[in-house]
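The sequence shown maps to residues 252 to 508 in this note's numbering.
To be clear, the hints were calculated from the coordinates, so they are not data collected in a lab.
We treat Cβ as the ideally placed atom computed from N, Cα and C, and that holds for glycine.
Do not rely on the hints blindly, as some may be mistaken.
[As the list claims (entries may be wrong)] Quick list of simulated restraints, FRET-style, between CB atoms: (1) L446 to D325: 32 to 42 Å; (2) K375 to N260: 41 to 51 Å; (3) G405 to N507: 43 to 53 Å; (4) E377 to S306: 40 to 50 Å; (5) P333 to S374: 35 to 45 Å; (6) E253 to G485: 29 to 39 Å; (7) L446 to D331: 34 to 44 Å; (8) R443 to N478: 31 to 41 Å; (9) D497 to S374: 34 to 44 Å; (10) S349 to N260: 41 to 51 Å.
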Amino acid sequence: METILNVRNLNVYYKNKETLLNRFCGKSKDNLQHVLKNVSFDMKKGEVLGLVGESGCGKTSLAKAILGMQKQYDGMIALDCPNPQMVFQDPYSSLNPSKKIGWILEEPLRMKARKKKKEGEFSKIERVKKIDQMLVRVGLDERLKEHYPTELSGGQRQRVAIAAALLCDTNFLIADEPVSALDVTIQAQIIRLLLKLHRELGVSILFISHDLRVVYQMCDRVIIMKNGEILEQGKVEEVYENPTSDYTRLLLEAANL
252 METILNVRNL
262 NVYYKNKETL
272 LNRFCGKSKD
282 NLQHVLKNVS
292 FDMKKGEVLG
302 LVGESGCGKT
312 SLAKAILGMQ
322 KQYDGMIALD
332 CPNPQMVFQD
342 PYSSLNPSKK
352 IGWILEEPLR
362 MKARKKKKEG
372 EFSKIERVKK
382 IDQMLVRVGL
392 DERLKEHYPT
402 ELSGGQRQRV
412 AIAAALLCDT
422 NFLIADEPVS
432 ALDVTIQAQI
442 IRLLLKLHRE
452 LGVSILFISH
462 DLRVVYQMCD
472 RVIIMKNGEI
482 LEQGKVEEVY
492 ENPTSDYTRL
502 LLEAANL
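Let the hints inform the model, and build the full structure from the sequences given.
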């Protein structure tokens with residue numbers, strides 16, 4: 252199976268904010284905080300890879316580095332996808348509240364047309380057709396195009412966010428806690444949707460979560476992180492049944508697994 256993501260010896264740094272104390276002590280404002288430490292892993296095309304760890308362990312920092320949103324790093328990130336996309340925990344924050352759903356979903360197609368400078372290839376009629384098809388694919392009624400994000404439920408908004416990402420013609424998604432803000436019933440629906448899209452479209456998904464139960468349902472392999480380091484990684488069943496680190500054992504015990 253081909254590799255879609257290769258990360259080697261990745262170290263991510265954040266600049267510390269300059270304070271009066273730092274200035275008084277002669278510390279440079281360019282002092283760097285080391286948040287990811289020698290992170291290495293591979294991800295195969297068509298795989299669902301779980302990334303687990305407590306808040307502040309570096310999961311989102313890793314996602315930002317992969318997407319090119321974090322520039323202060325050394326090491327190697329090789330991603331075989333020109334247009335990676337991210338699905339966020341809170342879809343409302345990523346959806347323009349002043350625009351209708353139809354406009355939000357059409358924007359990736361307009362951008363694609365402008366980039367290719369072939370408006371005829373992505374005419375209004377073609378764009379609407381693609382949007383309608385995608386809405387059906389993610390389990391939404393086409394009439395929701397005329398609604399605003401505030402008029403939708405949390406689950407509907409997350410489906411819209413997933414649809415917008417897929418309309419960018421990507422084969423790689425980072426799902427950053429995509430179900431943690433939803434109730435249990437809606438969580439299960441979104442998990443089933445992501446797995447369905449994964450099967451139908453062959454999309455590779457880096458699934459970030461703190462919920463080991465959700466990761467067990469979703470993922471082929473799992474990475475366990477703590478304090479910016481990978482403690483262990485492997486097939487979900489193997490890691491869950493035979494954890495090699497005390498931290499993983501504690502997580503599994505807390506989740507009653």
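TODO: Could you see if the CB distance from P333 to S374 stays within 35 to 45 Å?
DONE: 24 Å, violated
Q.
Between the beta carbons of K375 and N260, is the distance compatible with 41 to 51 Å?
A. 48 Å, holds
Between the beta carbons of L446 and D331, is the distance compatible with 34 to 44 Å? 22 Å, violated
Please test the hint of 31 to 41 Å on the beta carbon pair from R443 and N478. At 33 Å between Cβs, range holds.
Practice prompt. State, for the Cβ atoms of S349 and N260, whether the hinted interval 41 to 51 Å holds or is violated.
Written response: 43 Å Cβ-Cβ, so the 41 to 51 Å window holds.
Open item on the list: Taking 29 to 39 Å as the stated bounds, is the beta-carbon spacing between E253 and G485 within them?
Closed with: Given about 20 Å between the Cβ atoms, the range is violated.
Evaluate the given range 43 to 53 Å for the C-beta pair formed by G405 and N507.
Once the Cβ atoms are compared, 26 Å apart, the range 43 to 53 Å for N507 and G405 is violated.
Exercise. Could you say whether the range 32 to 42 Å given as a hint is met by the Cβ separation of L446 and D325?
Key: 35 Å, holds
Could one say that the CB atoms of D497 and S374 fall in the range 34 to 44 Å? 59 Å, violated
- Task: Please test the hint of 40 to 50 Å on the beta carbon pair from E377 and S306.
- Result: For E377 and S306 the Cβ distance comes to about 43 Å; the hint holds.
Hints 3, 5, 6, 7, 9 from the earlier list are contradicted by this structure; the remaining hints agree with it.
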